[in-house]
Amino acid sequence: MTLIRVYIATTDGPAEVQRIVEEAPDVRSVICLNGTAEALPVSASYDAFVRKPTGVVERETGHPVYRMDVSGRISEGHSWQFGVFVAHRLHSKGQLAFKGETADEVWLLTGEVDNHLSVGSVNHVAEKISKSEDLINETQAAGIPLNLFVPHDSAIDVGTRDGVVVVSARAADEPFALVDPNPIAIPEIASPTSDTPGPGLRRWVVSGLGLVIFGVVTLGGWGWTEASVWKSLAEKGVFSRLEQAMAESKIYGLTSTLYRLRGGAEAAVSLQSVEQRASAGNRCRTFVGGSGGLVEKIITEVTPGVLKSSASDRLCGIRHTVRNVESTPVYAWLSIVRDNQDEMEFRSRREKASTTIPAGASASVSIAFSPHSQDVSDYKIIIIATQEKSEDVNRWVDTMRNSAASSQHAVLDRLRRLGIAVKVWQHQIY
Amino acid sequence: MSKNPDIKWNALDELEKSSVQGVFEALSSMDAVLAGGAKEKSIGFRSLYDFATSMKEKMPHALAKALLQEPALRRDLDKLLERVSLYQFPKVAAASSGEATGREGDGFSVKLHPSKAESSQIYILVTLANPEAEPPTAIFYKTRDGEYGTAALSSFADGQSQLLLDVESELVRALKDVDAEVFLR
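Taken in sequence, the protein lines are chains C and Z. Just remember that this note's numbering sits 215 ahead of the position in the first sequence, which is counted from 1. Just remember that this note's numbering sits 133 ahead of the position in the second sequence, which is counted from 1.
These aren't lab readings, by the way, just hints derived from the structure by calculation. Keep in mind that a hint or two might mislead.
Said to hold, decoys possible - Here are some, though not all, of the chain C residues that point toward chain Z, as calculated from beta-carbon distances under 10 angstroms: (1) ALA239; (2) ASP284; (3) ARG288.
What the hints assert, rightly or not - In silico EDC-like pairs for lysine to aspartate or glutamate, Cα to Cα no more than 16 angstroms straight-line: (4) LYS224/Z - ASP239/Z; (5) LYS446/C - GLU458/C; (6) LYS249/Z - GLU458/C; (7) LYS604/C - GLU450/C; (8) LYS244/Z - GLU450/C; (9) LYS267/C - ASP291/Z; (10) LYS249/Z - GLU237/C; (11) LYS191/Z - GLU303/Z; (12) LYS465/C - GLU450/C.
For every residue, glycine included, the Cβ atom is placed at its ideal position computed from N, Cα and C.
Between the sequences and the hints, there should be enough to build the whole structure, so can you do that?
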């Protein structure tokens, strides 16, 4: 796993994010100087940036209070937000290099981040880069790649530099495309297992029933044609148009049945989850840099949709793998959400990732748990799969963020109505 | 103990504060004369006033020494702190550990929260019962040995101000000591 050192570009020079540690919810988040008790004046703004509802960090990590140590003073203003957000995201993935740890890459950032994770322009970008000359030279001399992230609107102020990758960002999560170009990695291409009943059986059922349906459609003539249109819309991923067509249908019940018998928009996928646990006497941190092995164990499904509970002790991570059991590529959205009874925090704490998975291949998302705290919670693993990538589904999935549980369930129901595969597993960490 | 709500130091304008300073200075001088120590006294009321109304976190050594030596000066400072403070916390009962975990009072509380991240550091949370109330700007203490100290409070957000200090700092020790007096100004 790549360890990344984060620097916040300031007009006084770059400030290294030395560490991030969870604090008790009773207190407020602080940014301290060099591990001392000196809380920087920007701490109040940092607390607001972390804590819900104004903050975005708690939304990402599920924890409301942090202490961050930095190597230099950060003045008021908001240009520290991009670096702080990215540092938190990396920390939650176990990829933030703490002070003294060997980093594989250095990231230098400046920019504001709003509640929608858009990166806004900031002033004095050229001056901040100029003040980072020493860091850039030292990093280059050490042979460590350095990426400079600036707001898209401010990129013109930066120019080019040998050996420095300048990335103009519109969204705060864009830097992670460098670490993991496809949010879901595709580690292997494997043949679908022969005992997979999904697509073959379904096609047989469709074929058999198709004759019966053909008779019905011949009589009516209309439903079949309409179902074909629906199917075509689903195959193109234009689900908002499909939804409109469904709403306008005069024979919804018949067409809907025909559409579903033809598979709707479903794509068959399976899930395998694996615990990654430090061996007795070791701590997770030992393994974050990939310097050692983890004891892996498959989490079995005790009943359909319920994974066997996992103890939090020495639990360093969980790898969720989605397998495409279709004979054609599928597009899948994988989300791991903390599941409170009253609230389902979408993207909270964990990941949302989406990608195309080739036929028979699998794709994984690994979740790292903080070595500093035990993560005890109930989670839901949600997989949404379609035959084609769909901007409509992307947009609907995004609306689930920060929504009440009822709204989130409404989105899932909406997807199901459109014939999209929605699978949910529960998993408890105790 | 609650103070007269009609007299709040922070509500006074500069002219009024200056007038109060003059009155206290005169009273202090009179005390010194009555005590017969006027000619030896190098610390005047202005020093007390500066300490009680400024944000200087470290009391000047000469003032600290004089306070330890002169009961009258301590009385003056006590009176002054009572006058300029928004609130003086009542005595507190010790926890099972023998140490206080903060102070509770009418409209204000001060709580100590050990840091999970740094065991050598501790958070001090000052909370207003009414977030719309006038917030204090400094916290003062007087130890059982007659030593005084102060710390500026950070700005309040949602009725709370937070300090992060070393556990061995004077203010933290005073807050843990049930015999220490604590004021908010």
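Check each numbered hint against the structure and report the violated ones by number, ascending. The structure breaks hints 3, 6, 8 and 12; every other hint is satisfied.
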